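Just need the whole structure built from these sequences, with the hints factored in.
Chain order of the listed sequences is H and S.
Position one of the first sequence corresponds to residue 21 (the numbering used here), numbered consecutively onward.
Position one of the second sequence corresponds to residue 2 (the numbering used here), numbered consecutively onward.
One-sided excerpt, in silico: chain S residues whose CB lies under 7 Å from chain H:
#1 Pro95
#2 Asp96
#3 Asn99
#4 Thr100
#5 Lys101
#6 Ser120
#7 Ala121
#8 Ala125
#9 Asp128
Keep in mind that the hints were calculated from the coordinates and are not lab data.
Just so it is clear, the structure is predicted and the values come from calculations on it, not from any experiment.
For glycine and all other residues, C-beta sits at the position ideal for the given N, C-alpha and C.
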Amino acid sequence: MITVRLVQSARRNQTAGWALLGAGALLALMLPWLVYPPIAVDILAWALFAMSIDILFGYAGMLSFGHAAFWGVSAYATGLAAIELGVPFPLAILVGAVSAALVAVPIGLVAVRTHGIYFTMVTLAFAQLIYYIANRWSSLTGGENGLQGIPRDFVGLEWSDPFVYYHAALLIVAIGFWVAWRSVNSPTGQVLVALRANPARVRALGFSVERYRVFAFVLSAFLAGIAGGVYAIGHRMVTLQDLYWTTSGEGIAMAVLGGTATLFGSIVGAALLVLLEDFLATSGIEATGSVTGAVFVLILLFFRGGIWGAVSAALARLRGTSQDDVLERPPPTGPAVPPSNAAEEATTQGSDVK
Amino acid sequence: MNRRKTAVSIAATTALGVSACGGGPTALGDDQAISNGKLTLAVVTDMSGTYSALTGKGSLEAVKMAVDDYQEKYGSDAVAQEIEVLSADHQNEPDIANTKARELFDRQGADAIFDVPSSAAALAVADLAEEFQRIYINVAAGSTDLTGSACNEYTYHWAYDTEMLARGSAATLTQRGEKNWYIVYPDYQFGQDMTAAFTTHIEANGGKVLGTDATPFPNDNFAASMTKALEIKPDVIATMAAGSDLTNFVKQYNEFGLAEAGIELAVGAMFDTDVESIGATQMSGTLYTTDWFWNQDDEAREWADDFKARLDVRPTAVHAGDYSAATQYLEAVQRAGTDDADAVAEELDGHEFEDMFARNARVRSEDHRMIHDSYLTVVKEAKDVQEAFDYTELVETIPADEAFGPPSSSCDLG
Numbered sequence: 021m022i023t024v025r026l027v028q029s030a031r032r033n034q035t036a037g038w039a040l041l042g043a044g045a046l047l048a049l050m051l052p053w054l055v056y057p058p059i060a061v062d063i064l065a066w067a068l069f070a071m072s073i074d075i076l077f078g079y080a081g082m083l084s085f086g087h088a089a090f091w092g093v094s095a096y097a098t099g100l101a102a103i104e105l106g107v108p109f110p111l112a113i114l115v116g117a118v119s120a121a122l123v124a125v126p127i128g129l130v131a132v133r134t135h136g137i138y139f140t141m142v143t144l145a146f147a148q149l150i151y152y153i154a155n156r157w158s159s160l161t162g163g164e165n166g167l168q169g170i171p172r173d174f175v176g177l178e179w180s181d182p183f184v185y186y187h188a189a190l191l192i193v194a195i196g197f198w199v200a201w202r203s204v205n206s207p208t209g210q211v212l213v214a215l216r217a218n219p220a221r222v223r224a225l226g227f228s229v230e231r232y233r234v235f236a237f238v239l240s241a242f243l244a245g246i247a248g249g250v251y252a253i254g255h256r257m258v259t260l261q262d263l264y265w266t267t268s269g270e271g272i273a274m275a276v277l278g279g280t281a282t283l284f285g286s287i288v289g290a291a292l293l294v295l296l297e298d299f300l301a302t303s304g305i306e307a308t309g310s311v312t313g314a315v316f317v318l319i320l321l322f323f324r325g326g327i328w329g330a331v332s333a334a335l336a337r338l339r340g341t342s343q344d345d346v347l348e349r350p351p352p353t354g355p356a357v358p359p360s361n362a363a364e365e366a367t368t369q370g371s372d373v374k
Numbered sequence: 002m003n004r005r006k007t008a009v010s011i012a013a014t015t016a017l018g019v020s021a022c023g024g025g026p027t028a029l030g031d032d033q034a035i036s037n038g039k040l041t042l043a044v045v046t047d048m049s050g051t052y053s054a055l056t057g058k059g060s061l062e063a064v065k066m067a068v069d070d071y072q073e074k075y076g077s078d079a080v081a082q083e084i085e086v087l088s089a090d091h092q093n094e095p096d097i098a099n100t101k102a103r104e105l106f107d108r109q110g111a112d113a114i115f116d117v118p119s120s121a122a123a124l125a126v127a128d129l130a131e132e133f134q135r136i137y138i139n140v141a142a143g144s145t146d147l148t149g150s151a152c153n154e155y156t157y158h159w160a161y162d163t164e165m166l167a168r169g170s171a172a173t174l175t176q177r178g179e180k181n182w183y184i185v186y187p188d189y190q191f192g193q194d195m196t197a198a199f200t201t202h203i204e205a206n207g208g209k210v211l212g213t214d215a216t217p218f219p220n221d222n223f224a225a226s227m228t229k230a231l232e233i234k235p236d237v238i239a240t241m242a243a244g245s246d247l248t249n250f251v252k253q254y255n256e257f258g259l260a261e262a263g264i265e266l267a268v269g270a271m272f273d274t275d276v277e278s279i280g281a282t283q284m285s286g287t288l289y290t291t292d293w294f295w296n297q298d299d300e301a302r303e304w305a306d307d308f309k310a311r312l313d314v315r316p317t318a319v320h321a322g323d324y325s326a327a328t329q330y331l332e333a334v335q336r337a338g339t340d341d342a343d344a345v346a347e348e349l350d351g352h353e354f355e356d357m358f359a360r361n362a363r364v365r366s367e368d369h370r371m372i373h374d375s376y377l378t379v380v381k382e383a384k385d386v387q388e389a390f391d392y393t394e395l396v397e398t399i400p401a402d403e404a405f406g407p408p409s410s411s412c413d414l415g
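In structure tokens form, the structure reads like this:
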């Protein structure tokens with residue numbers, strides 16, 4: 021069983037895992053000294069966003085091209101809550117994330133009925149729909165001017181300093197990371213992985229495929245919402261860009277570069293792309309798209325499992341772990357979605373057995 | 002030869018004060034007058050996105066030209082002996098503009114930021130100017146909010162805005178006898194605002210809007226609008242479309258024979274770069290308002306020649322606006338004797354001037370709007386076009402006092 025073997029391999033990796041976690045936490049605390057603090061906040065937000073996509077894509081095999089909707093809806097909801105209601109920013113972010121999750125429910129219910137490229141297209145369509153609504157509804161969203169000057173209030177402390185805000189963002193995003201990690205390393209997470217590999221068998225075991233898919237979708241949207249809220253408060257503004265499909269694309273690129281189904285690869289992918297974009301802004305290079313594209317191609321050529329995938333494979337080889345464990349991870353690229361069987365889906369009445 | 006002292010650095014990260022002090026000015030208390038011993042101008046612009054031709058490296062070059070001219074003019078008497086020009090490419094993403102502008106003010110000691118296309122980015126930079134108490138002179142964004150609800154004492158609006166465009170085209174054309182209008186606009190805020198502004202000025206001048214047509218955005222099929230226009234026969238059909246929508250609109254205006262039917266075409270917001278990409282043949286006869294075109298007179302042409310020698314293209318109105326903004330900023334620093342933002346702002350406020358870009362110009366202290374003459378222009382007949390970018394012909398000059406709206410009541414600079 022996949023589940024059993026994953027758990028065994030997880031135990032063997034535990035020590036290494038704690039060491040890695042410690043190093044990561046240290047790096048996270050040092051980050052605002054290493055890079056400009058607002059950039060550090062961007063890295064956090066994008067990392068969680070990419071991770072939310074990874075949960076869906078890497079684990080459950082659903083490639084959403086509409087996550088900008090959740091990032092953006094949350095960003096606007098966060099901004100509006102802070103501007104109009106004057107709520108402190110942690111609460112505003114929560115309002116944003118919950119809004120994103122609520123928006124995700126109807127979209128998820130429709131989208132999970134489709135598979136593969138159709139799922140991708142349906143999510144993209146919903147996201148674009150929301151983009152156009154936001155563009156038209158300028159009395160609420162500020163249209164192309166966006167929401168500006170979002171307050172960053174919370175008892176005491178000088179939050180306007182990005183350095184200070186980074187630490188609040190780190191805490192919030194870390195909670196998001198933990199929720200993500202907990203979700204995929206739980207029985208539910210195992211079902212999601214199984215769903216990706218063989219939905220028919222999961223159904224035969226008595227699980228409701230649709231219900232798990234919707235759950236994964238809404239959870240992912242909630243995490244994307246936290247990320248969007250942290251970003252909106254970080255920039256103290258929200259623009260239509262946040263709802264545009266390129267935002268979804270950027271999140272996917274980060275998840276893939278970091279390594280799908282690795283969860284923490286998203287952090288690496290986000291850091292890489294945010295720093296690259298920041299560098300390009302002052303590099304004097306005009307062909308920014310070409311540079312980003314070239315980096316993308318090169319990384320995927322040389323690290324087929326993304327950066328994290330490649331590194332963990334190398335570490336596993338060093339430790340002499342069997343190749344089997346490395347291959348335990350779902351294949352890195354392509355949503356290996358089996359052809360759906362309409363008849364089968366229609367007849368299934370799964371009940372959740374845990 | 003007047004040796005250039007500009008320490009220009011494109012890569013902000015490698016910005017060094019490479020001062021090539023040829024004659025070597027005596028240190029006249031520079032340290033107190035200019036913070037950090039050097040004046041830092043920054044151009045936050047779009048080098049790689051949609052607005053790269055309209056703004057982009059041309060905007061950066063224009064600011065560098067202003068610095069060179071300032072140093073040539075004042076030599077060793079210049080208050081700012083060492084001037085650095087930094088730039089950041091926001092790739093048409095407001096978030097990047099926000100972070101980069103913050104970094105420029107916060108970490109790189111930028112004393113003033115120029116340009117910043119598209120309103121979301123401009124509004125973000127205006128907020129930062131207020132936070133850091135440094136100067137931001139907007140040139141590329143057209144939102145009247147910058148001198149309205151979002152105004153602040155460190156932000157200036159130097160070139161066109163939506164109100165100027167509406168006044169130039171709608172008011173002037175109506176006064177010239179084009180009484181009946183039909184307006185087609187993309188259905189989002191810019192289109193709605195422009196249509197409202199056009200309608201106000203058309204009606205205030207005794208004209209009538211026979212109909213308006215909101216189109217989706219983006220849109221490539223304007224057939225219904227064209228048919229309707231042929232039916233109701235307005236004097237002018239106005240479009241608020243931009244980019245590829247504008248291209249499609251103009252093509253269909255020609256295909257449906259509206260020009261032959263005596264219906265004139267007015268475009269809400271248009272730049273030389275649009276004519277260049279659509280082609281003068283398609284565009285000829287199109288009316289639009291601008292606050293500068295390079296072929297308007299000898300002074301403008303002379304500057305445009307310098308610009309062309311540097312970048313091999315003709316400057317847009319935005320580029321000229323950046324030159325003017327940087328020049329007047331440097332002049333204000335010179336008059337103030339310091340780069341302190343409050344002192345410079347005081348020098349700018351109420352200042353009256355003339356330069357290559359701005360005629361009969363005055364910086365309004367009430368809202369920091371720089372008012373200047375604007376021009377109703379028409380795209381030349383293709384046969385009259387002498388060279389690339391020679392597309393614009395003057396129809397009428399709109400004097401500075403009438404070119405812009407009055408100070409907004411929502412702006413209070415105290």
